[in-house]
Every structure is written in C-alpha cells, then in structure tokens.
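Working from the sequences, and respecting the hints, build out all of it.
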Amino acid sequence: AQKITQTQPGMFVQEKEAVTLDCTYDTSDPSYGLFWYKQPSSGEMIFLIYQGSYDQQNATEGRYSLNFQKARKSANLVISASQLGDSAMYFCAMRRIHTGANSKLTFGKGITLSVRP
Amino acid sequence: DVKVTQSSRYLVKRTGEKVFLECVQDMDHENMFWYRQDPGLGLRLIYFSYDVKMKEKGDIPEGYSVSREKKERFSLILESASTNQTSMYLCASSLLAGGDNEQFFGPGTRLTVL
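Each protein sequence line maps, in turn, to chains B and G.
Okay, so the first sequence: first residue is 1 according to my numbering, each after it adds one.
Okay, so the second sequence: first residue is 1 according to my numbering, each after it adds one.
What the hints contain is simulated information worked out from the structure, not anything from laboratory work.
Computed from a predicted model, the values in this text were never measured in an experiment.
From the three backbone atoms N, C-alpha and C, an ideal C-beta is built for every residue, glycine too.
Any given hint could be a false lead.
Derived CB-CB ranges, DEER-like [to be verified]:
| no. | chain 1 | residue 1 | chain 2 | residue 2 | range |
| --- | --- | --- | --- | --- | --- |
| 1 | G | 107 | B | 17 | 29 to 35 angstroms |
| 2 | G | 65 | B | 62 | 38 to 44 angstroms |
| 3 | B | 55 | G | 5 | 28 to 34 angstroms |
| 4 | G | 96 | B | 56 | 19 to 25 angstroms |
Next comes the structure, spelled out in structure tokens:
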C-alpha cells in the first residue's frame with residue numbers, strides 16, 4: 001500500500017520569499033512517480049510538477065522545484081519568489097509506475113499556503 | 001488545452017434522491033476518475049474507468065456507481081443520496097493509466113444532501 005503524509009497544518013510566507021512544503025511517502029514499489037497539485041479557492045486542481053523515482057535529477061518547472069530525497073522518502077515542493085496567487089492548498093500524490101490499468105494516484109491531505117503581501 | 005467539465009458547480013439534493021454527476025473531457029483520454037474531497041481527508045478515489053464500459057472500484061465505492069457509455073463522458077451516480085455524501089466531487093482524466101501521465105481535473109461539484 002502507498003501512503004502520503006503531509007503534516008504541516010498551514011504555512012505562511014512573505015511575498016517574494018521562497019517556501020518549502022513537505023511531503024513524505026511510503027511505498028514498497030521500486031518504481032513510482034510523485035506529483036504535486038495546487039488547488040486555489042476556485043476548487044480546480046492544477047498539476048504543478050512530477051518526479052519519477054528513477055530520475056537522476058530533481059524536477060524543476062519554472063518557480064517550482066522538487067527536493068527529492070529517495071532514501072528519506074521525501075519529495076518536498078519548493079516555491080521560489082512567492083506570489084500572492086500562490087495562496088492555495090497544495091497536494092502531494094504518488095502512483096506506482098507500470099503499464100497496467102490499475103495505477104491509482106494516492107493523495108496526501110494537503111497543506112494550505114498563505115502568501116502575505 | 002485539456003478541458004474537463006462538470007455539469008454543476010453547486011448542487012443541493014434531498015436524502016433518498018437519485019443524483020447524477022456528469023463529467024466530460026475533450027482530449028480523447030482513456031482514463032477517467034471520480035474523487036471526493038473532504039476537509040482533513042484529502043482526495044479519495046471513488047471509481048475510475050480505463051475504457052468505455054470498463055470501471056474499477058476505488059478506495060470508497062460504497063453508495064456510488066458509475067457509468068461510461070462514451071469515451072468522453074463519465075457519470076457518478078448516487079443511487080439514494082445520504083447526508084454523509086455531502087462533499088466536493090472532483091472528476092479527472094488522463095491519457096494513460098500510469099507513468100508520468102498527470103491527471104487533469106474539472107472544477108468540482110459541491111454537493112449538499114439535506
């Protein structure tokens with residue numbers, strides 16, 4: 001079974017500063033993928049970034065980067081130069097990677113980020 | 001851009017009613033998913049479908065059924081709505097089931113059962 005843990009109850013960051021959102025995971029699968037989604041108050045989930053367990057480098061996507069530490073089973077999201085529009089709930093998710101149909105995403109409980117002007 | 005649409009943003013129903021939540025995607029995706037989202041619990045998978053007329057139970061299928069008669073449309077059915085099914089329902093689709101294929105989400109339907 002897979003499990004995602006997001007324990008930070010709520011995060012605050014000053015505009016233009018960087019912030020790290022924590023995510024730890026548990027899985028016995030050797031091959032898996034990790035995802036981060038953003039959910040603003042409008043409700044729609046927006047895909048941000050993906051990291052494969054065998055990727056040699058940490059994923060980056062614009063102001064988003066993933067601090068992937070495989071041995072520690074953590075996949076923290078780093079947002080650089082925070083903007084007011086980054087205020088949202090953020091979800092970490094994982095999925096085992098194989099070609100079969102039954103490859104579900106398992107989500108964490110989410111972290112609320114508030115960016116202060 | 002992938003577009004996933006849901007039939008209603010807000011819905012209010014009474015206990016015992018049969019409720020249909022509709023989801024349509026326009027990118028010819030094979031896979032479609034229904035989640036419910038509750039505070040403090042994150043997203044939980046109700047059902048998913050990896051092909052027309054194919055479906056598989058997720059983590060919390062009890063009290064729900066689904067229908068996928070056409071590739072672009074995936075319906076969630078509450079046969080007899082109950083108050084504990086008051087929640088936010090999110091539909092998603094993805095091109096393939098595994099790998100790095102992200103899921104694209106609709107805007108959600110906030111269902112209240114009175």
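Now the hints, each set against the structure:
In this structure, residue 107 of chain G and residue 17 of chain B meet the distance hint of 29 to 35 angstroms, their C-beta atoms being roughly 30 angstroms apart. Under the hint 38 to 44 angstroms, the C-beta atoms of residue 65 of chain G and residue 62 of chain B, about 40 angstroms apart, fit the expected range. Taken as a hint, the range 28 to 34 angstroms holds for the pair residue 55 of chain B and residue 5 of chain G, whose Cβ atoms sit roughly 33 angstroms apart. Between residue 96 of chain G and residue 56 of chain B the Cβ separation comes to about 23 angstroms, which falls inside the hinted range of 19 to 25 angstroms.
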